[in-house]
Structure formats: structure tokens, C-alpha cells
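S.K.: The primary structure of each chain is shown beneath.
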Amino acid sequence: MSNDWYSDFVNSSIGRSIAGTVGLPPVPRLRRYEPGQPLLSGPALLGTATADGRVAKVVRSLLTDLGVEVHDDPNSAVGGGSSTSKVAAGIVDATGLSGPGDLAEIQAFLTPVMRRIGPSGRVLVIGDVPAGATAPAVRAARRALEGLVRSAAKEARYGATVNLLHVADGAENDLESTLRFFLSSRSAFVHGQRLDVGTVPGFSGSSQGVDWDKPLAGRTAVVTGAARGIGATVAATLRRDGATVICIDVPASGDALARTANEVGGSALQLDITADHAPATLLEHAQRHGGLDVVVHNAGITRDKLLANQDRDRWNSVIDVNLTSQLKINDALLSSDVFHRGGRIVTVSSMAGIAGNRGQTAYGASKAGVIGMVDATAPLLVEKDATINAVAPGFIETAMTNAMPVGTREAGRRLSSMTQGGLPVDVAETIAWFAQGASYAVNGQVLRVDGQNYLGA
Amino acid sequence: MSPTSSSASSSRPLPRRAAIVGANRIPFARSNGAYARASNQDMLTAALDGLVARFGMAGEHVGEVVSGAVLKKSSDFNLTREAVLGSRLAAATPTYDVQQACGTSLQTTLLIANKIALGQIESGIAAGVDTTSDAPIEVNEGLRSVLLAANRAKSTAGVLKALAGLRPGQIVPEIPANREPRTGMSMGEHAAQTAAAWGITRQAQDEIAAASHQNLAKAYDRGFFDDLMTPYLGLTRDNNLRADSTVEGLAKLKPVFKPAGYPDTEATMTAANSTPLTDGAATVLLASDEWAAERHLPVLAHLVDAETSAVDYVHGDEGLLMAPAYAVPRLLERNGLTLQDFDFYEFHEAFASTILATFAAWEDPIFCKEKLGYDEPLGSFDKSKLNVVGSSLATGHPFAATGARIVPTLAKLLHEKGSGRGLISICAAGGQGVVAILEA
Chain A
1 MSNDWYSDFV NSSIGRSIAG TVGLPPVPRL RRYEPGQPLL SGPALLGTAT ADGRVAKVVR
61 SLLTDLGVEV HDDPNSAVGG GSSTSKVAAG IVDATGLSGP GDLAEIQAFL TPVMRRIGPS
121 GRVLVIGDVP AGATAPAVRA ARRALEGLVR SAAKEARYGA TVNLLHVADG AENDLESTLR
181 FFLSSRSAFV HGQRLDVGTV PGFSGSSQGV DWDKPLAGRT AVVTGAARGI GATVAATLRR
241 DGATVICIDV PASGDALART ANEVGGSALQ LDITADHAPA TLLEHAQRHG GLDVVVHNAG
301 ITRDKLLANQ DRDRWNSVID VNLTSQLKIN DALLSSDVFH RGGRIVTVSS MAGIAGNRGQ
361 TAYGASKAGV IGMVDATAPL LVEKDATINA VAPGFIETAM TNAMPVGTRE AGRRLSSMTQ
421 GGLPVDVAET IAWFAQGASY AVNGQVLRVD GQNYLGA
Chain B
1 MSPTSSSASS SRPLPRRAAI VGANRIPFAR SNGAYARASN QDMLTAALDG LVARFGMAGE
61 HVGEVVSGAV LKKSSDFNLT REAVLGSRLA AATPTYDVQQ ACGTSLQTTL LIANKIALGQ
121 IESGIAAGVD TTSDAPIEVN EGLRSVLLAA NRAKSTAGVL KALAGLRPGQ IVPEIPANRE
181 PRTGMSMGEH AAQTAAAWGI TRQAQDEIAA ASHQNLAKAY DRGFFDDLMT PYLGLTRDNN
241 LRADSTVEGL AKLKPVFKPA GYPDTEATMT AANSTPLTDG AATVLLASDE WAAERHLPVL
301 AHLVDAETSA VDYVHGDEGL LMAPAYAVPR LLERNGLTLQ DFDFYEFHEA FASTILATFA
361 AWEDPIFCKE KLGYDEPLGS FDKSKLNVVG SSLATGHPFA ATGARIVPTL AKLLHEKGSG
421 RGLISICAAG GQGVVAILEA
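Chains A and B, in that order, give the protein sequences.
The letter at position 85 of the first sequence is residue 85 when you use my numbering, and the numbering goes up by one with no holes.
The letter at position 114 of the second sequence is residue 114 when you use my numbering, and the numbering goes up by one with no holes.
Honestly, I wouldn't trust all of these hints.
[To be verified] Covered, in the sense of this in silico footprint (three residues per stretch, anywhere, with C-beta under 8 Å from a C-beta of chain B), are these stretches of chain A:
id : stretch
1  : 250-258
2  : 266-280
3  : 287-295
[As the list claims (entries may be wrong)] With the C-beta cut set under 10 Å, the calculated list includes, among others, these residues of chain B facing chain A:
id : residue
4  : D49
5  : R54
6  : S87
7  : G223
8  : H296
Hints were generated in silico from the structure; no laboratory data involved.
Beta carbons are placed, not taken as given, at the ideal position from N, Cα and C, and that holds for glycine.
When you get a sec, could you build the whole thing from the sequences and use the hints?
M.R.: Given below as C-alpha cells:
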């Protein structure tokens, strides 16, 4: 799949010794999810910043239910080893901060965690939503967590990730799918990011009775752009998690689309999503499967040109495929019972939509537009108990990136905290988590899957 | 006796009508082009897999898959079964092969539909495939005799004696030709005679050809084939299609096939108003209404009735491709219909002249009286309803695949219209014809 020779080299036995001697940056091999894998591969450290912390109890209950060894003291001896033995996770409940002075408790906990965190370990800071605080000192302390996490992420090694969750007041019991995602290897390439839970009011749902090995069992999903690349991997990942998948792509890609659909035991719908009839055709096809629970807007095109050389046709084709078609389909979903209560819309933005990219004014505009669409659509979906979220991939190893000039490709890979490109499955795992019924409290979010790429971070 | 118009669609209803649920074909490719290295089995498997994907049937059983090819290697004796085993359908899906020249996959449609009608199966796939590129080549008869004699010989001496009968001329292989064994005439030569006998003009033929290309191009542009076709080996459309075809442009082509026995008649047939040799495969999914409803699948149309006929083109005084002229009246009569009672007419364009000769015969009181026994001719019909999304002159004509192209085309047209009735007519080598009525 990847043609990352540098990574192959520094991970070879001879390459490791040469890289160590001359100081080449290492490229950690990331632990990725396989069915049946335990949530964590070792013990966890769980700290609390204040006595008012709301989420430590929830985290502890989840971890102990799963048989994870949990210690409160970050200097504890773990797993029958010593006080410096590696741990699989360090989680700190940073809710209830009264001012910047409380941050020292977090430092005191995370300093040993950063020394002890193992390969592909998980450091997770869980705080309050800054906007929920009116007192300047409180809001300052809450906001400080983001700077702490993004900086710590740049220090993490061996594939460990550092991320921040903001939990709205009252949403502390609605965290399970999110905790499972961020702690597991499903979030292998999500690094240095922030995600808000429960911030769109009025959500409702439940994690009761979820089969966590098949969290999408019984759900029907649509994936656009499913013929190849990230879309085909999304289809396979949704299928792995139990969904029936309707695979959509343009008629001209129908042969690859048929292969994807047959591979995942789903159905193929050859459809130009920009056609006027596309929303109706999509809903009509979905009725074959008894309706629709998940829509993944993955289809996207690039028509790269410097703005100085851009023309209207190129511009429009990018905006139509990447943005307008999604808006039209969402409108149809909102007004149709074919899109079930508790439905999930997941869309694909891009690092280029956040940071901008030379030659990609149209693409960047469309992908930033997607974020605006998510912001405005999220509250509209609440009455259907539905959600909309976006994933914003960074440099992902695909046929497209393999065809890039070497310099551009290497820069894309190495200018990130993880010194490598992600895999399509990293994007797919994030989408599959957004798609879960149990992710009902996650709405209106844009999550970068980019190994903390330095662009726009 | 004269056919009478009736509102009853069928005076002899079958136990139940088979539904046409959907279809898939690969684009048709001109011979020795895009599919030059694809075998019948490759193409049929690809077409089946596209159908499986469209209807989410991976690993599922259907009652039967029936298919066939006209140009078929002897090693492909179980062609359909091999294709199914290589496809995503359940391996335990029964199959059989059928061959009725250009009528093959309309006939396989009828075979599946009849078993559904009788309740013997609930679903089935009718298909057809042909390659003129990867054609079977046989050793010539002389060489075959020698080799078989050597195989029969019981001693080395006997083998050597048999092989001594080898002659240089026996190296020349037998390549299948588009030629009737009993007349030694090519299909084009036969069609030229029929065209001359009915006075079919070059202009009329070119009009049919231009309309076929223009209609097919428009159908592609409006996405008509998006749910009937899956691209294959880089083709997304039939590569015989010339969207810019005009009567004026086609008039410049050099005619061939001077009709034998008509010294005063000029050749009128050209490469444009005759179908080219083509490679391709097509499939149709048929089912009972119940099977379709259980899966929330659409019913595009139902098969009402069908008729197969043959004419004596060897000794009799009839054209090789005129059998549908006899089959259609019988079908109409049995169903209490007139030629004018249809919303769409799907006539396989073997040659533009073939369908024009058939139409001329139905308008001719003498033909209708002497050959059909009717006091009144069948008459004319509204030609704006003919092959409205193109036909074989534009798509090309992989012999055994054409029926499975036309059936879903008509079914979808009827489904788009919401209700109505359509007529299918396909002429076949050997002086045969298969015709059918669909209703939505």
C-alpha cells in the first residue's frame, strides 16, 4: 500500500542503528485495531485535577469493567513491575478547574505519564467546555488545557497520542463510545486534537446493550465515493462493524464500485451525486434495505489550479461535488422518514479546508464549507436524535499521494508529530465511530485525523 | 381472419407473470478492440458480478442462471456454470447453457420467466455473451480426420500410417464465419436479397442507423444506462456509438452486398446500416412479484407472452431474417392485440433493412393474405416509438447478448412511463425469430 521507503528503512534492524547513530527521526509503527483486540494493551493511570472532577468515576467504571488495571498514583508500580514500568494509558479528569493554579495538578500527573507511556499509548485529558465558564479565571484554566495537550502531543513518542475531550455539563454519562474510540487503537492517527462531547443541546440516545465488537449491527449505511481509496476502506470498516453498506460512485467507476460492494456484501448504486435526481435516487435505493441510518459523504474531487489560473467550470465542479451535493442530500435526509431517527451523517473535510493549501482554493473552499455545513446542520438534526460530524484527514497514504512528487510527499509525511502519513483505515475508523448509535452525544464536531500535522495545527 | 383490437392484455393468462427486476451488462465493444483478450467466461462473469453488486446479492442463491454464447469453444461446454462459480453468486446456483443464435438471451429470458410463471423457481438470471475476438478456432476437417484416425490406431505403426495422411493444406484452421451452412451465403448477402425483394432504399436504411446512434447517445447523456450497465476494461459506453451520426454523413459510406438475383438493384447496405461484429455480455434479473417485494426491489415490467418462429429460407421463398414477420402476428392474435397497441417497439437491428423489410411485409396486403392468411394487413405503426434509446446498429450486437440488452431496456422504458406495453422482436441466424410482449 504505502511506498514509504524511509519508514521501512528506519524500522529495519540496520536502519534503526544507523538512524540512532546519525540522529534520523524515527517513524513509529502504530498499533491499529483488529477485531477482538482489548481496549488497552496494559495498565492505565487515572488522575484527577480537583475534588470536583465529574468524569473520573465514569472512566474508572469503564476500565475496570473491561478488566484494565487502573492506578490513581502516576508513580505506582504497575503490572507486577516497578514505578517506571510502561503504561498503556494516562487519563486525567481535568474538570472542575477553578483557575490556572489547578493546572499544576495536571502537570504533576502528566509528567510521570509522559515518561511511562508505552508505544501507541493513550494520553487523554478530559476537561470542561471553556465557553461554559463566565469567570475569566475559570475559562482561562479550561482553555489552557488545549495548549497543554497540543504541546504535549508534539513531545509524545513511539506512536503514543495525546488528545483533549471537552465534556459539556451533564454529558459525563454519555462518553462511552468516545472514550472507547480515543483509548483504543481505532484512533491510531488522531493526535493533538480536541473534541467536544454533548455541546449541542437536546441530544438523546443510549449505550445500553451495544455489542462493542459490532457497534453498527443492524444499521444501513451509504458511502459515497466508495469505488476505491478511502471510500472503499470506509465501506469495509463499516461492514466489519456490522453495517449493511450501500456503495455509491459515479457510473464511470462502476466496475471498481461493484468490486467494493461485492467485497462488503453490500449493494452498488452508480450515481452522480451532483445530479438533480441524486437525493431522491439515493433514498429510493435505501428503501431496499428498509431505510437508512448512516450517510458518509466521502466523495470528493480536486481540480487543482492556482487561483490566478482558475476557471469557472473547474471551480464549480469542485464546489458541486464536494459541497453542494452534500447540502442537497442532507436536505432530503432531514425531510424523509427513510433516514431513520438516530441517524448519523458523517462528512469528509480536509486539512486543506482548515489550513489552506497552495493550488487548492476551490478544494480548500469546499472543505471549509463542509465545516460550516456541519456547524449549521448539527442543531437541525437534534429533533431526529441524529448527528452530523466531519473528519478532516491530513496526509493519508493513497494511490493519489503515492503519485505525488517525492519532495511534496515526504514533506506531507514528515511534517507531523507522527512523522508518517496515515492510512485510509485511520479515517475510516473515525467515521465508523461517528456513525455509531452510541456516539449520540457527539454532534457538530470536526476531528482531524492527521497525526498532528503541522499545517494549520 | 383478422386480428382484432382488445383491451384485454392476454386472453390466455399464465399462472403468474414473471417480473423483470433489473439488469446489468458490460458496454459492448467492437471486435478485436477493448475486449480482444477477454473470453466469454470473463465477460459473463463480469456482467454477473455487476448484477450481484447492483442488487446486493453477494453469496445469495437465485433459482437458476441460464445463458449461452453463439461462438463457444468446446472447452466452454459448461460456460454458464463456470461463470457462476467464478462470480459472487452462491456456488450452489444451478445453471445451463442455451444457444439460439441472435435469439439466445431472449430465449433464456423466456425459459427463466416460464419457470417463474409455473412456480418452479422464484428468481433467475437470464444472460448471454459473445466474443468475435476470442473466437474458437477449429482444426480443419481433413486434419481432424487424420488426428482422430491416429488416436484410434492401436499400434505405433498404425499411428504413423494415419499421420502419413497429413497434407500441408490441412494446417489452415477453420475460423467461424458469419455464413449460413445450408446456403453458403453470408448473412449480409441474405439480407441484401430481402432488402431488394421489398424495395428497401438506402436512404431509409441510413435513417434507421442515424436514429439508432442519436437515440443511444441521448439515452447515455440522460443517464438511462446508469442502472443497467457496469463499465468493463476501460469502456464506459458501447464503443460502436457515433453520437454525431447523420443521414447525410452515412450517405457517404460505400455500399456492399450487391443482391444476388437482382441485377437491376444497386447495393444499399453499408458498414453503418449493418451491425458490426461485437464482444459483450448482458444479464437480466427476473423474479416472482413476491420475491421482489420481500427484498423491496422494483418491478420494472412483466413478461406477458412470447413466440418463437422459423422460416424456410433454404427451399422456401422467404428471407433468412424474416421469421419475426410470422411470429409477431401469431403473438398478437393469441393476446388479442393489434400491431398498433404498443407504447414501445424494440426491434433488433441486425440490418436496418431487416426491420424495414419486416415493416413493409406487415403493410403489404399480399404478404398478409398469402403468408399470414389475413384479409387485412397488420398495417403501420408510429415509428417514433421504435428503438427510442437506440438499438443494435449503435450498441453493436454480441449475438447471444442482444436479447438480455433489449429486455431490460424495454422494461425500464415502461417503468419510466409508469404503465404501458412494449413489443420485442429479434431475428436469428438459421431463419428463426423470437418475439415477446412486456407490460408495466
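S.K.: Which numbered hints are broken by the structure, listed smallest first?
M.R.: Of the numbered hints given earlier, the structure breaks none, since each of them holds.
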